[in-house]
Each structure stands twice: as C-alpha cells, then as structure tokens.
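Peer 1: Residue numbers (the working numbering), protein chains in the order written: chain A, 1 to 202; chain B, 1001 to 1620; chain C, 2001 to 2389.
Hints listed in this document are in silico derivations from the structure and should not be mistaken for laboratory results. Note that the structure is predicted; figures quoted are calculated from it, not measured. A virtual CB, placed ideally from N, CA and C, is assigned to each residue, including glycine. Please note that a few of the clues may not be correct.
[Unchecked claim] DSSO-like, lysine-lysine: derived pairs with alpha carbons at most 27 Å apart: (1) A/K201 <-> B/K1616; (2) A/K201 <-> B/K1495; (3) C/K2216 <-> B/K1179; (4) B/K1282 <-> B/K1617; (5) C/K2069 <-> A/K172; (6) A/K201 <-> B/K1565; (7) B/K1617 <-> B/K1522; (8) B/K1604 <-> A/K197; (9) B/K1205 <-> A/K172; (10) B/K1019 <-> C/K2197; (11) A/K172 <-> C/K2300; (12) B/K1004 <-> C/K2216; (13) B/K1430 <-> B/K1348; (14) A/K197 <-> B/K1590; (15) C/K2220 <-> B/K1004; (16) C/K2197 <-> B/K1004; (17) B/K1178 <-> C/K2315; (18) A/K86 <-> C/K2069; (19) B/K1590 <-> A/K201; (20) C/K2315 <-> B/K1205; (21) A/K201 <-> B/K1604; (22) B/K1335 <-> B/K1430; (23) B/K1563 <-> B/K1529; (24) A/K201 <-> B/K1424; (25) B/K1558 <-> B/K1616; (26) C/K2315 <-> A/K86; (27) B/K1567 <-> A/K197; (28) B/K1567 <-> A/K201; (29) A/K201 <-> B/K1179; (30) A/K197 <-> B/K1205; (31) A/K201 <-> B/K1558; (32) B/K1205 <-> B/K1335.
[To be verified] Here are a few chain A residues that sit away from chain B, every Cβ distance over 10 Å (derived from the structure): (33) V20; (34) E21; (35) H33; (36) D46; (37) R58; (38) D63; (39) R65; (40) R67.
If you want the building blocks of each chain, they are given just below.
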Amino acid sequence: MNTSYQYSYTNIEELLEILVEKGFIAPATEQQHATVIGRRQVQSSDLAFVTVAPEAARHLILDLRDRFGFTHLVLLTAVDYIEEGKFLLTYLLHNYELHHDIGVQVPIGREAAEAGASMESIHDLWAQAGTYQRELKEMFGIDFPGSPRVDEPFILEGWDEVPPMRREFDTKQYSETTYFPRPGRSTNDPADYMRQKLYPKE
Amino acid sequence: MSLKDILSPLTVWRRTAEKPYTVIDPINDRPGAARYRGFHKNDMEACIGCGTCETICQNAAIDLVPVEGIETTNGDSGLRPQIDYGRCCWCALCVDICTTSSLTMSNEYIWVDTDPEVFRFVPGAENKPWDNSELGYSRAEGYQLLDPERVEMPELEPDTRLTSFIEMVQGYSAEQAKKEADRCVECGICMAACPAHMDIPGYIKAIRENDINGGLALMYQTNPFPASCGRICTHRCEEVCAINHTGDPIAIRWLKRYIADMADESDYQAITKTAEPERTEKVAIIGAGPGGLSAAYYLRLLGYQVTVFEAQPHGGGMLRYGIPEYRLPYDQLDKDIDLVASLGVEIKYNTRINGLKESNGPKESDGPGSDGGPAPSFEQLYQDYDAVFFSTGLPDPYTLGIQGEDHPRVISGISILEDVTAGKTPDLRKSVAVVGGGNVAMDAARTARRMGCEVTVLYRRREVDMPADEEEITEAKEEGVKFITQAIPVRIEDKPEAKGEQAAFVWGEAEMVDQGEDRRPKPVLQEDKIHTDLFDTVVPAIGQGSSLDFIPEDMAAKIGIIKYKIKVGLHGETGEPKIFAGGDISNRLKDAISAIADGHRAAKGIDRYLRENQSKKETS
Amino acid sequence: MTNAPIIPLTDNHQAGRRVDLSSGKYLKLWQGPQHPGITGNMSLELTVSGDEIVDLRTHVGYLHRGFEKLMERRTYIQNFPIVCRICVPEPDFNEYLYAATVEELAGIRVPERANWLRNLTLEMARLASFLQWIGGQTGAFGMGVIGQWGITHRDYVLDLFEELSGGRIYHMYIIPGGVRGELPEGFEERARAVLDKVENLLGDIERAMFHNAVFKDRAKGLGVIPREMIDSYGITGPNARAAGVARDVRKDQPYLLYDQLDFDVVTASGSDTYDRAWVRFQEIHQSLSLIRQMLTRMPKSGPIHTQLPNPLHWKIPAGQTYRRAECTRGEYGYYLVSDGSGYPRRVYVRGPSYTHAVALMESMAVGANIADVAGLMVSFHTYPPEIER
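Generate coordinates for the entire structure from the input sequences, incorporating the hints supplied.
Peer 2: If you want it as structure tokens, here you go:
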C-alpha cells in the first residue's frame, strides 16, 4: 500500500480501476490494438500499459507522479506504426514504493500537417526528460516545443536524411548507396545449384 | 588530513616488487581457451552445403561457393561456406545451427597477412594451421537450436491394426503439422533427391503460414498424386534431409499428406487450373497408374485431348492393386484420380489393349472395353492418336525358379493384394510363408496377418539388405510377422498325406559371402543346413516383371524393347518419335514418385514433339 | 563584437543565464572524444572561466551504430549477438535482458540451472566492470598504478569468461532459452582462486585509494548530488545509493536467483565522488560473496537450455514488456515490442549512462575545476555506447 500519496492502491488492477474512475482509460474490455485510446494491457503483476490521448497525457503523467507515487521516469521513447500513420509514445513510469511500472502510451500523428509530429514537453517534470525529447526529435522527428535544446543534434552530426528511427528509413539501402561493398562476393542457393548440376534439363 | 591517510598508501609498496602480470610472449604463451571462438574449421566430408549457416548469419558474412574436389551428389549440394572475416563477429551461431555439426571453431586467434583478400576463405578447404586443432568452440551438449525430434505421428496400435484394413497412420493435427514444418531449415537439398523434384521447402513453408491451398498448388506443379504420395511415397527426400544429420529427418511425406488432407476438394480444380488454350492433338495413354495419369494430367493442363486406356476397372495401378488399404485408403487414391479426370481426361476402364497379357491377378474384365467399343490394338492407337505414352508397369510376378513351384498351395504375393483390392478373400488358410524382402512381401505378409494367418517371411539376405521400407519391416514385426533371414528356397514338395492341401517348403540357411568392396555380400546356400517346414500357403513375392506382349514385334524393335526392358530418354522418348514410355517399365527406382516424375517429363517431351510437328506442318 | 555567439546554459535550474564568449572571460575546451578519463568515446565541451567550469555539454554519437534500428531488421536469434555490444564492459546485462524480454513474450521457461549460470555471469560481469572502473577512477586522479591493478585483475575475470563462453569481451553466453554451455571442468576452483586474488587486492586498494590523503582531498565534496535530484534526473544504482537512497533492483524486484542469495543494499550519505567510490568498493566485496554463494549453492547438473522453436522461422506473439536489472551503474532495462512477426517491432535499451552522463553530468560539472572533470565523470561510472545505442 502506498500511503504517502493521495491515491492509495495495492496492485496494478486497483490502480487501473482508479484510472477508469478518473476517466483516463476505458473499463476493462477485450484486448485492442496498442494505438487505440483508452486501452489497457496488464503485462504482469508489476507492469501495465495504458493508452491515452495526447491532450490527457500530461495530466495523467503528473497525477501518476504526484498522486500515485510514480516518481521515476524510466524511459520515454516511441514506436513507429507507419502503417497507421502514428507514433506511439511510451512514458514508462516506476513507483519505487510498490515497485510497479506503468507505461503511459500516447498515439500521435506521424505527420500532423506542416508542423510534423509534435507532443507536449515534460522537461519541467523531470530534468532528464529533455534528453529523451531531444533524441526523439532527432531520431523520429517528433517535436517537443519548449523542450531545452530540442533542436540540437544529439547523436547524429550533419544528418539531412529522414529521421533514422522512422520505419521508412531503410538502413540496408542507405548503407548500399553510401558505402562501397568489397567486390568479389557471390553466393549460391543449394537447391538451385543442385538443379543446375544434377538435373538441368528436366 | 590525518597522518594515517598519508602513511596508509605506503603499506602497499611491496607490490612494486611483484613480477609483471603481463604475458611476455602472448603469441606462443597464451593459447585461446578450450572453447574459444576462434577461426572456423569445417569438416569438408561431413558438410553437405545446406547453407543454414549462411541463413542465420546476422552479419551476412557467409557465402556458399563451389569448392574444387567437392562434387554435387544426392544429399550434398557440393557447395561450402566461405566466410568473410571482414564481417564475421565470431558469435558462432553458424556453429550452433550447423545441421551436420561439421562447422566448428578452433581456439586460434592470430592470423596476420598483408593481403586483405585472404581473410575471405573457405574453412576446411585451404589448409589452415588450425584445421586440425583439437580445441575451440563447438556446440555444447544440452544446447541445440534445431529440434532433433520429429513430431510423433499418431498411429493405430498393432492389435487394433490386425482387426481391419483401416488406415493405420492417422495424420497430423494442424498444431502437429505446424510444429513439424517448423523444423525445416529450407535448404532444399531434398528437392534433388525427389524424383519429381517437388518444391518441398515451399509447401512446408505453406504449412507454417497456414496457406493450405498455396501448398497444394505447389505440390501439383510437380505431382498430381499428393494424397497418395503423402501416404506411401518412398520419401527419398527424407533420407537426404539436412536434419537427418542431427536427428530425425523432417516428416516430409506426412506434411504432404497433411496438405492433401486439409485442402478442400471443392478448391482443387481452381488451385490446379491453368490458362493454357485447348489444343486439337490427341494423346493416347496406356495404363492409368501413377505414370500414365501424371502424363495425362500435365498434358491436359497444356491443352491436349487425352484418353487413358486401363485394363482394370479402377485407376491407380499398383497404388491400388499393390498397396493395401491400410496404407493407402482407396478414397484417398480416388481423390487424386478424380481431379485428373475432372480436368477433362477421358479414362477408359476395363479396356485391355489387344494382346496385353493378363497378369496372374484377378480377372475382372476381359477383351472389349466396358463402354462397349472394341478393345483397341496398339497399332490402332498409334494410327489414331498424335502421340502414345505407355506406362504399363510390372504386373507379372517373378517365379522362384525352384522345383515344385506349380504346387496348388503356391499363390503369388501380388495376386493376394489384387484379390483383396477387388473385394475377394484370398484362400490363405492358417500358416503362410512369404518369400521375399520387398514392400510387396511385407504387404502380403501384413495382409495375411489381417486375415488371421500365422505368417513367416523368408528372405535370402540379411534384414539390412531388404529392399522394403524400414517402416514396413518394423510395422510387420509389430503386427506379429515372423522373420527368417538368410533363408534360400530350395524346393516345394507335396507331402503325400497332405494331398495338395499343404506345401512342404524346403529351404536352406545361407552364408553371406563377401564380394569385395562396394558390392553387397552374396548369400550362398549351406547344403548341410536344410530345413523343411509345412505351410498351408507359400507366397512368392520376389518382384515383378513387365508384360509388353501387346506391342507387335516390329513396333517393339522400333521402340527399342529388348528382353522386356525398354530404354527411354530423359523425357520418355523411345526409338519411335511418336511413342513415349515411363514408369516401372523403364526407370530404375520403380516407385510411384518416379513414375509420376516420368509421366511429367514425358508430358513435356510429348508437348515438345507435338509442337515441333505442328511447326513443321506450318512451314511445309 | 556584436555577433559573437551567445550560449544558453544547459542546466535546467539555471536556464536563462548566458555566457558571452566575446567578453574574453571565457574559454572553450574539448575533452574527448579520446580521453583516458572517459570509458569509450565521448566528448565534453567545457566553457571555463579561469579553471572553473561555467558550462558543460555532453557530446555523444562517436559510438553510434544504430543497434535499436538494426535489431528491427534482424530476426530474434540474429539479435542475440548484437545486444552485447551495447555495453562493452558488462555485455551480460544486455544478453540477459534481451533474453528475458524475448522469453517473456514468447512464453519460454528457462531451466533452473541456466538461471544460476546466468546469475553467475551477471555477478562476474559486475566484478569485472567495477575493477575496470577502479582503473578509471584512480587514473583520473593521477593514481594510475592502482588502476593497473584493477585492470589486471579484471583480466583474470575475463579469463574465466573466456573459458566459460569462448570470448573475453563479448561473451554471447546468455541466449534466449538458457545458456550456451556448462561450466568447464574445474571452473569452480579456478573461479575461487580468482576471487581470492581479487579479495587480496581489495585490501591494498582500500589502503592505497580510500585511505589516501590525495584521493580523499580530491574526491570528497566533489559532485555532491542532492537528494532531490535523484528522481528528477532518473539517477539509479550507486550514484543514488551514495546519496542514501536504498534502491537496488536485485532487492526490490528480485530477478533470477537474487531472492535466494544473501546480500545487503549498500548505501552512503555523502553523495560525493568519494562516497560513490566507497559504495562501489563495498559492492565489489559483495559481488565476491555473491559469486562464492552461487558456486556453492548452484545445482551441480541439469538442463541448461530449453528447446526453442526453429530460430530461422521464430515468430513471437504480439505484445510488449519492460524488464530491468541492476547493473554496476544502476537500472539497465529492455523495452521490447513485438508485432507478432519474426522481427522485433521495437527494442529500446535503457542504460543508466543515458541520464548520468548527459543531464546529470551537464548539471554537476558547473562550478567544478577543469582538473576534476575526468574524476567527476568517472564517478558517475558511465559507458557511452548505451547512451547512443
């Protein structure tokens, strides 16, 4: 039981029920797709994921931090669902008293009009969040307006291609067009080779 | 700052007197650990060039290349892995997944050269200093990436089997089939071993992906008998399966059967249909066995007008009359045949070509075709059709060639099987001796067991020499068939008191005499070890010969039939351009799948012949 | 000079302060990307006034190989040899966490003995990594000799890894389904001999490093992390424990066999470079004890690997999970998303250096002395490849 926070709960299911009451997620239904808002997924007794709309995300994250005891931002990253035109942001939060994790997942449009993909910043909630957001800007092209140095290159230098973690960026193609393979390599398919050798005319 | 903090570090000054920890001459004094993942070794004899190492390599460091001195043979692609050390990360997944365990690593890790090209090399083929290194990484016991165990096929218990002719092999469930299909590494080495060169990895993949119709379509590309072959194929593919080197081979035959069983019959035609335009040329096919019907199927797909002449009342040839129902139920065979017929192939049953000698089997029909027309002669077909393909098989059982074989209690194995197929009960009585070691012998013995007989199989060589499928031997034993090996028949006598109702079978023990390398030992009768046993029935089942009397002599000479044997070209061509042949009469393996392959190739040969004919006509 | 660059300061607490380089009061210095005070390649861009740092920026990317991206186009088995490269000094945490997340989504149970062997290698990795850290920490303060001892003894641990896994640095030992081999014949005796050797060394290190006026003088009071920064900066591991925060994944969410092993969470209160070093030093002792416990209590035989589906066609049910482990530097985690295909949809690797070397370092360096930057950096114990993955 976490007692030092406004909302006390003992297990993940209870936590999810409170989130339902507060209107963040839908009541338990069958498993839906990850990018559907209101969805919940209980992975184990100490880990669950909930999907909320971008407008609700900061509110939920703040509540989880300040009223439920999820004080630790474990990670912030994105998964590219290119086929749906969406990124799914995952804010993984950890409760150090109960040792629970909750992944707050937020679907955002991949290319929202001219502005491109964008999300409200949480750099003021965790000092480390700025780094994550800077990386997401660079690697996925997701903007976090107001996040410190969000436009500064983080890992890449002089990169002018598609943000490389987007699914449409093809690493193999990039390496084939950018670098020079050493000549002289060729391989054979065993079945084709045996056909040529053993029964070419059949 | 305390004095202690100034003095304390001084207490470790004794370490200045220590000997250096460094290895002075690491090249010589520091060999890699016993399981060090060093430079690759490959046992060139054991490797079969399956390319699984190439598939798993996440660095794309491996190519399969031909190597001088390594021939492409059945079960060995003749290729060997070449590793690019500019890409290799020495993770050894290639070693872990190697199907033959031929690929390993030495503990050697120093290799200096000024030429970067040498670091792309074929392990085992280039005489490296580490080739014979005893140490180095190899897959550990208790850890294996490929599952060596085949999914067990549900079968009827031997006791249950003896009570009926119900199919004993029950077939895989979807889950079992997928699990078994999952074991395949898709190397495709099996394809060369299959006489029909079926796309085995392709249809196994279709099972994994739950694409039954796709799998069926793939099978029909090379084999119109999937339901039958899925049960009784000699599965030469499984013998060369890469997984056979590390465990049980993939159950390729059972997976084929799974697709045939699962496919909806109403989908069959759509799956196998092609868009070839109709052609006017007529092709006659003699014999509705697997060879004849295979040729008919592929010719029909090419648009030809095909008529099949079959002496028996039903199609399938030896698949029906030589293989008992418990191995190949008739409805499954009919499913295959019906598809061929449904495409517009005319099959004239009960139509014995004039002059075609009757086999010793049941005589359900004679003379004229059941459709009322007169039985055609071979010459007539030759005249009336644009091409003729004959695949009349081997209906005549060989005789033992011993004294007393004309005893009334001697019945050939093939005639017993034919009787049962025709719904007759062969007159076997109680104690039966089956002579021979092939599949017909096993099937005759097992059929006799199902009729309540006590059965002994006598075979002149050792059990390992038996030509029958291993599983037929095993299953015969499970069903209570007794085996006497190295037993040579001497003569059959009629005991006076038995009055032709029992045969006294005289046989002698054989000694296996070594015939030198590469030749199997020869059984030699030991004159002092002669036995006489009384049997109600003696069943010779030592093989069959062809019956080609329906072909007139002058034609036979043109075709190139010499002493009942016929030599054909790759596409079934005979000495007479219009006539093609295939199946057991001409091929070496004498099994269904070879006949099917013959039929398919002959269809291609006939197609080429007819197209050439057509273009000749057009130009002249 | 009117168009001289104005640099906004990085520290979030001091956002808004500006440094005018044209004033002549400031100097820019680069430390790295090759620098003995940094494990791996990374550079620090310092803005100094005199020898005091007024601004620091971490530059990473020198070791970027795009692992997470590469993993999206490789099969689950093909990713196994990749993950170890994400943290060179302790690859085993990557191997373990990758295997654990894959196994969780695929529903694979690992045999008990394999779990013991996994746990053993994780503690051996901790030992080796800490011994290397001693090299960096002492070297950064000009006590290179102690560093050499640490590195030498790390090599003895690597010898053990070599005979167990066939590789000294990239062990590739923990594979989905279990481990790749049994302990070699006589391993336990040789391992115990190495542990004894290290233990013997630790006495000397304690005297030469921790009871050393120079080390104390330089490390005490350097880089004090206030308690309130811990959560805001996502600080974990010894960096947090030295600030009195008793958190350790091994205790809090025990994985493998840690709930059966006897150990305590080491903490300190000073939260400075000295206390962080002291916590790590105690954890080296603890690691020795844990390895000894495991060697004694481990079952002597049993299966080491569960038969996997054919890795060439292996598809993993759609799902997502996150698993963490306590590496030498704090919380190491893997977030794995499967879309049901044969390739991971997303693998996110959370290394503790991500926050420690960037946000934390940028903040803590302000006000420090140039000469202390290396020592401060090493006191956070960071490894660049896990930042840039």
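Peer 1: Taking 10 Å as the cut and beta carbons as the points, is A/D46 off the interface with chain B?
Peer 2: 31 Å, holds
Peer 1: Check whether the Cα positions of B/K1558 and B/K1616 lie no farther apart than 27 Å.
Peer 2: Answer holds: B/K1558 to B/K1616 is near 23 Å, not above 27 Å.
Peer 1: Does A/R65 clear chain B by more than 10 Å, comparing its Cβ with all Cβ atoms of that chain?
Peer 2: 40 Å, holds
Peer 1: Does the alpha-carbon distance linking B/K1430 and B/K1348 stay inside the 27 Å limit?
Peer 2: Distance ~39 Å between B/K1430 and B/K1348 Cα, so the pair is violated.
Peer 1: Going straight from one Cα to the other, do B/K1335 and B/K1430 come out at no more than 27 Å?
Peer 2: 36 Å, violated
Peer 1: Decide if the proposed pair is consistent with the structure: A/K201 and B/K1424, CA atoms, cutoff 27 Å inclusive.
Peer 2: The given pair, whose Cα atoms are some 45 Å apart, is violated under the 27 Å limit.
Peer 1: Hint check: A/K201 vs B/K1616, CA-CA at most 27 Å. Holds or violated?
Peer 2: Given that 27 Å is the threshold and the Cα spacing comes to 23 Å, the pair holds.
Peer 1: Compute the least Cβ-Cβ separation between A/R67 and chain B, then decide whether it is above 10 Å.
Peer 2: 46 Å, holds
Peer 1: Regarding the assertion that A/H33 does not contact chain B, is the least Cβ-Cβ distance greater than 10 Å?
Peer 2: The claim holds: A/H33 sits with its nearest Cβ about 21 Å from chain B, beyond 10 Å.
Peer 1: Below or equal to 27 Å on CA atoms is what counts here, so check B/K1282 against B/K1617.
Peer 2: 16 Å, holds
Peer 1: A/K201 and B/K1179: Cα distance at most 27 Å?
Peer 2: Cα-Cα ~35 Å, so violated.
Peer 1: Taking 27 Å as the top limit, are the C-alpha atoms of C/K2315 and B/K1205 close enough?
Peer 2: Status holds; Cα separation ~13 Å.
Hint check: violations occur at hints 2, 3, 7, 11, 13, 22, 23, 24, 29; the rest are consistent with the structure.
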